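Colleague: Here's the letter readout for the chains.
Number of protein chains: 2
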Amino acid sequence: MNQDYIKPDNWSIIEEGFDASRVKSSESLFSIGNGAMGQRANFEEEYSGDTFQGSYIAGVYYPDKTRVGWWKNGYPEYFAKVLNAPNWIGINVKINGESLDLNICKSVDDFKRELNMKEGWLSRYFKATLLNDIQVEVFVKRFLSLDLDEIGAINYEITPLNSDAEIIFQPYLDSGITNEDTNWDDKFWDTTGISHKNNQAFIEAKTMKTDFHTCTFMESKVYISGKPILVEHNTKADSNHVSFSYAYPVKKGETYSVQKFGGYIVDRNHNKSQLVKVAKQVLKTATEKGFNQLLEDQKNAWITIWKMADITIEGDVKAQQGIRFNIFQLNQTYLGKDSKLNIGPKGFTGEKYGGSTYWDTEAYCIPFYMATKDQKVARTLLEYRYHHLDKAIENAGKLGFKNGAALYPMVTMNGEECHNEWEITFEEIHRNGAIAFAIYNYHRYTGDYSYIPEKGLEVLIGIARFWQQRANFSSDKNKYVILGVTGPNEYENNVNNNWYTNYLAKWCLDYTLDQIEKVESEFASDFLRIAKKVKLSKKELALWKTVADNMYFPYSEKHQVYLQQDGFLDKELISVEDLPKSERPINQKWSWDRILRSPYIKQADILQGFYFFEDQFSDEALERHFDFYEPLTVHESSLSPCVHSIQAAKLDRMEQAYAFYLQTSRLDLDDYNHEVHEGLHITSMAGTWMSIVEGFGGMRIKDNKLSFNPKIPKQWKEYSFKVNFRNHIIKVNVTQKQTNFEMIYGENLEILVNKKSLLLKNNVLKAVS
Amino acid sequence: MNQDYIKPDNWSIIEEGFDASRVKSSESLFSIGNGAMGQRANFEEEYSGDTFQGSYIAGVYYPDKTRVGWWKNGYPEYFAKVLNAPNWIGINVKINGESLDLNICKSVDDFKRELNMKEGWLSRYFKATLLNDIQVEVFVKRFLSLDLDEIGAINYEITPLNSDAEIIFQPYLDSGITNEDTNWDDKFWDTTGISHKNNQAFIEAKTMKTDFHTCTFMESKVYISGKPILVEHNTKADSNHVSFSYAYPVKKGETYSVQKFGGYIVDRNHNKSQLVKVAKQVLKTATEKGFNQLLEDQKNAWITIWKMADITIEGDVKAQQGIRFNIFQLNQTYLGKDSKLNIGPKGFTGEKYGGSTYWDTEAYCIPFYMATKDQKVARTLLEYRYHHLDKAIENAGKLGFKNGAALYPMVTMNGEECHNEWEITFEEIHRNGAIAFAIYNYHRYTGDYSYIPEKGLEVLIGIARFWQQRANFSSDKNKYVILGVTGPNEYENNVNNNWYTNYLAKWCLDYTLDQIEKVESEFASDFLRIAKKVKLSKKELALWKTVADNMYFPYSEKHQVYLQQDGFLDKELISVEDLPKSERPINQKWSWDRILRSPYIKQADILQGFYFFEDQFSDEALERHFDFYEPLTVHESSLSPCVHSIQAAKLDRMEQAYAFYLQTSRLDLDDYNHEVHEGLHITSMAGTWMSIVEGFGGMRIKDNKLSFNPKIPKQWKEYSFKVNFRNHIIKVNVTQKQTNFEMIYGENLEILVNKKSLLLKNNVLKAVS
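These protein sequences, in sequence, are chains V and S.
Quick note, my numbering runs 696 ahead of the 1-based positions in the first sequence.
Quick note, my numbering runs 696 ahead of the 1-based positions in the second sequence.
With the rest of the complex left out, here is chain V (with noise of 0.2 Å):
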């Protein structure tokens, strides 16, 4: 843990007291998203400390240039960028001439956030005094409305304590903006036009290269004491820049308030031509809900998002907070209307890690999604794949891969691959297969087989093809090997069969193998459809199956465990609890020869395919591999935390699953790695989910059944969850002394329990102990 500044609280994210050297992290932490849009809690006021300001709009990239110092073949030319957007909520405040700017005032008193949670709004409350000696109170409420998921709003409230001030609200909209992460100094936005009028005014702005066109909108409106009031207004306007200016002289312990509204409208969703009408027409609708208004839909839609989505723990505010943060943020970050859309590893609280969709999607994030969501959300996300195959082959062919074989990006947008490291890009080819298990992992947790003949084979069948082709024959070992990979643990690179690698590759050409057979039995049109277009051959699968058979696995006899990869054992196993706190995290400390020569683990590698395949290892060789491979690993990888809690719960280690699962509900919240200031680990969220409900709740899928094997931290007095599975929701209720289950919508099911059936009825409460 790095930070303990979060205050507990079941419902709400608060900090309390001004610290400069925090802003940047509670930038990242109060972020607010709407799946449309979101903006990390950046002040909307000046503010000359050290601050990194982002605003961010769903699937509005930029292809930024590919440039590497020793360049390979393969690399992308471009790649495509979660791209900082125009800046809409900025209020300059100006009292007595003096700019109000937390970093260079005389005090700040009283300073608290809040991101409540529960209702969807982010507040902060300060006094300030500043150089000119007068005292206010400020009051800011924020938040971007689910309903309109084109706009947010802003209440800016400002009381003079100990004199009367002239205060000048200055809210802009700006489109000068730059990444954070910009290397390459290439300007991203050409502005093409500005325009306002009365209080409301428009940059409409479009993306270099990308063409994606964008109005940002604002209007505005100012108060006394809560009642509206005229204000002649000045307006600045020059090449990227628009700013309304109402000055006011405010009598000492009188609230001077701005209202504004604003947001984006996007060419993605409505005709270019159109955007500032689009946005005038938002804003009719939004101002005459008003305010209060829009506030009060939000605390409902959030309802809504909560009674399918909660967690309770009881007697452990932490563990609460930890977990509500997690399931706030990526219902924040994806809601899953939009079938062009990913859950980027960041959300839309940073720019590391460049593109929108990695493994951690079908890896971490579907369970979450198609246990709280209606499944088709899930099975959009599968969609998402299956458009992009085509890309994925040409990716694989880049790469010298043929006929058909389908390697998709380790980093996407739109498809094509968005990261040029070649240990990486090249080498960490497991993901490939983290696509085809979310194929298997629908169809086994909601029953809907149609996915497959319609979509999902074509996918396999590249996926397939890769791996047969990417492994080859060793006469040494007289197996097939799979040679020059990086494994899920990105801290070994370009090592020979690792096992995950090996073991998912096997598993892939075994599963599609499977369904094409299926397909062929039962879809005979679909079979002769696909089997027509990807041109499959008998002799191609015989191929598929011998490489299949005869995989080779590392193993070692004397630790009576599968091997990470052939060279594990040459390295030095000294346990993480023996390597000197000062040298942690080894990603910040070490060059990285060093990290690769060492046994350490950044996240779940062997570990990751038995919790994949967990059916296919009995307990003792899970605990076996928990053991060797636990003890090693760092946890430098936001992924890692939940895997290990799962099965340690699994292993009734209730103390390290416990352990572990706070890490994971509390990594950014605690800032476990040092970084939270870069924006939020978004997709391990749902392995916090996942850790609850597989974890300690047991969840699984047996014999085609919903199955629980529940147990409980001692810290807990209780905990419950709800899911949704096949026209069924269940919720789950976990106390020291047995488990309740009611089943508050579908018709009758049986479900396993601690490996026993159990009818579930219509509102009927079924306790096991």
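Hints are computed from structural coordinates only; laboratory data are not their basis.
A portion of the hints provided could be inaccurate.
As the list claims (entries may be wrong) - Below, simulated EDC-like cross-link-like pairs (lysine to aspartate or glutamate); rule was C-alpha separation at most 16 Å, straight line:
(1) K1173/S with E1253/V
(2) K1151/S with E1079/S
(3) K823/V with D843/V
(4) K790/V with E742/V
(5) K1241/V with E1213/V
(6) K947/S with E833/S
(7) K802/S with D829/S
(8) K1175/V with D1172/S
(9) K814/V with D963/V
(10) K790/V with E853/V
(11) K1254/V with D1172/S
(12) K1277/V with E1253/V
(13) K1098/V with E1253/S
(14) K1173/V with E1253/S
(15) K1254/S with D1070/V
(16) K1098/S with D805/V
(17) K902/V with E853/V
(18) K1173/S with E1268/V
(19) K1094/V with E1279/S
(20) K917/V with E928/V
(21) K1175/S with E1268/V
(22) K1094/S with E1268/V
(23) K1033/S with E984/S
(24) K1173/V with E862/S
(25) K947/S with E862/S
(26) K720/S with E1446/S
Because the structure is a prediction, the values reported are computed rather than measured.
With chain V's structure known, arrange chain S on it following the hints.
Modeller: Just chain S now, kept in the frame of chain V:
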């Protein structure tokens, strides 16, 4: 072989006929240099076609930003790179108002370029018909003076053939140049002053950041039919450019010419406030001599070089041309006068590879300079590394090594690392061994031990410390292993137990222990000084010995060969012969991951080790390893064929040795690897010299004696070379029947020929058949 347009000639490089697609290749091949500066063979007059303009000043570099998409700890923040320098050779030509530009004129006839290696000058002849139908004949001669190494001279003659014409010569200076390899759009040069008077002009410019101050200068004079004439000239100067215009109405058949002297004065050698003054003095000296006398001096200076360095080959013009091209370019690049300079892989002919010093110097160049120059030159090259020892210790420190361990940079200008690919910078650590080997090699050849107690031992200790710390104990193998390295074969990255690296590490430890013992017993005061300075302990030495004695070497019982690295046998060992030609060079056709998991070897790796430590392996072992690895070697490094040529000769495979000899000696002339347009491969040219002297001549040091085992390719009538050995100069002449040895300088010397003793006396020819 990729091209075949260079005419075979014993002493010259000749191109006939103009072909725009060859311009960049020829600019490399016809490059000229004098050790202090050098330039590509760019045309003097305007050329709008594809060209790569390059002039370089020895030791003037620029610390460019290190930028990578994903930063790794340990990368240099800045790295020094070879810097393109202001252009002084430019002479634009206007004929009746039309620019002479070979890219756009109607026709170019009888075009001929010659690089005369015997005399050290470059010439160009052509007839051109302009768009205005005027036909002119042009003859240009240019050289960089070896005697006055701050100046070069150009004689540019033009004759209108079919009509009178007004011809304008516009000699100019230009400091507005950029690097071909500029990645980050930085500006490198700041022009600080421009002045001109009469026929002289001066541009003072300094490099950004490194603050090298230079004066680029010129003086021009025009002639009609060889007689100086006074022509009023216009002068144009702007912020980084100055030009004179000499217009003259030239009669049909009359020759109008300009002589231009130009060059650089640099504050590496002069007080920076005196640069223009020094330039004027240099111009005075040069113009007083005049073009013809300077050219005469040039010829004589080259005669002196060739007298010692020439290798003659009778009966094979291409082979003769090849070796002289190599010797010529080496002498153009480095003459051993300045201890801060070194030998860049591209010399003054291009920018690729950034820095100036690689392990090439120690592994390939030192033998050439030891045998063809005074031994001080080789000692100067060793001292270059001694001067960088502190920076090598700093560099190792950045990677986590302690206690005075030294890791020399992969690429450097000033001792700092210039490269930032982790698999090279952090992992291609065998370079450290080459630096130790060169110390051993210097002593072996020159017999001069004094360097070791004076300076070399400190370097050896730093290197030994690195190896001991870099190895780790594998309990699995019960041996010390070296994980995560890149060997000389850069087509494998991050491998474990690269045999060459492990062998070199062990050798360094053993050799350093031996030298410590010797210095302790024979140079006691040196030993005390060093032991105190570096804080040596008996315990540390014991640890070195443990690591050296227990080093692991991967070996295949089945193939009876050492393995290049632990995973080598898992690869599909398909020989290069069976690889379609269309797939080669693989570094241009394949993605990096495919290269890495292929068995193809970029350059001698295990065989490089067998070359260094020949005496430690039997001929049978050499043959086995050669037969195993050679068929997998693609020789896509220029440093590869020479080693294979030497070893093929040793194995009496003269056809193969000859083929490799042609490949190494004509690598650039015939452009084997499709890349000569980027510059020449200077350092490997010393390898070409070795392939004759050590390969065919069989020269070695055995039992502290010079030893030969001469062979001759059947294609040759005879060949000869000279070596400078411990104050003796010996000429060796090998025919198909016998070998003649003649000591042309020095006292009586016992040498070995085919393992038998032979006493050489001054000027007495001894024949051995």
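Colleague: Which hints from the list above does the structure break, by number from lowest to highest?
Modeller: Hints 3, 8, 9, 12, 13, 15, 16, 17, 22, 23, 24 and 26 not satisfied by this model.
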